[in-house]
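Peer 1: Starting from the given sequences, assemble the full structure and let the hints guide the process.
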Amino acid sequence: MSSDQPLDIDAMHRRRKNPALAAAMNVLVPGAGYIYCGRVFLGIIAFPFVAGMLFYEPLAGFGLTLVMIVDGFLAAGRYNRRLDERIAAAMKTCPVCAEKVRPEATACRHCGHPFDVSLPTSATAKAA
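Going by this note's numbering, the sequence shown runs without a break in its numbering and finishes at 128.
It is possible that part of the hints are untrue.
[Stated by the list, open to error] DEER-style ranges, computed between Cβ atoms:
1. Cys111 / Arg14: 26 to 32 Å
2. His110 / Val27: 38 to 44 Å
3. Ala88 / Val27: 28 to 34 Å
4. Val96 / Leu54: 58 to 64 Å
5. Leu74 / Gly112: 36 to 42 Å
6. Met91 / Phe47: 35 to 41 Å
7. Thr65 / Val96: 48 to 54 Å
8. Arg102 / Ile44: 19 to 25 Å
9. Gly77 / His113: 39 to 45 Å
These aren't lab readings, by the way, just hints derived from the structure by calculation.
Each residue gets a CB set at the ideal place from its N, CA and C atoms; glycine is no exception.
Peer 2: So, in structure tokens, the structure goes:
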């Protein structure tokens, strides 16, 4: 997820990752769940490491695979949490009810407070 190019809110919501899919991908191809969650280097390193462990120490390799299944699930949660933080940062806050609304909103959908589109959000909060 690159931070140099702003995304709209809907595009960010579509980028959410499915934790069950990330875990399943780590079962089928060790490391694929990490790649799916944006951890490409970790995913590439995990595959030969787990394959070697399964070949030389099958029990340890199986244990590592179980850990990767759980961590794949958690990796998607971490990815989604960072994405939610970016979404929250892109939203503006209503100066009356303090609810988050889309940046293009002209009125708060929670309390109906109209936003002055000529003033930045911080100036609107100071004026209220």
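Peer 1: Does each hint fit the structure? Answer for all of them.
Peer 2: Here is how each hint holds up against the structure:
Taken as a hint, the range 26 to 32 Å holds for the pair Cys111 and Arg14, whose Cβ atoms sit roughly 28 Å apart. The hinted range of 38 to 44 Å is satisfied by His110 and Val27, whose Cβ atoms lie roughly 42 Å apart. Ala88 and Val27 have their C-beta atoms about 32 Å apart, which keeps the hinted 28 to 34 Å range intact. A C-beta distance of roughly 59 Å is found between Val96 and Leu54, which places it inside the suggested range of 58 to 64 Å.
The supplied range of 36 to 42 Å is met by Leu74 and Gly112, whose beta-carbon atoms lie about 40 Å from each other. In this structure the supplied range 35 to 41 Å holds for Met91 paired with Phe47, their Cβ-Cβ distance being about 38 Å. Distance hint check: the CB atoms of Thr65 and Val96 are about 52 Å apart, consistent with the given range 48 to 54 Å. Between Arg102 and Ile44 the beta carbon distance is about 37 Å. The supplied range of 19 to 25 Å is therefore violated.
About 34 Å separates the C-beta atoms of Gly77 and His113, a value inconsistent with the hinted range of 39 to 45 Å.
Taken one by one, the earlier hints fail for this structure at numbers 8 and 9, listed in ascending order.
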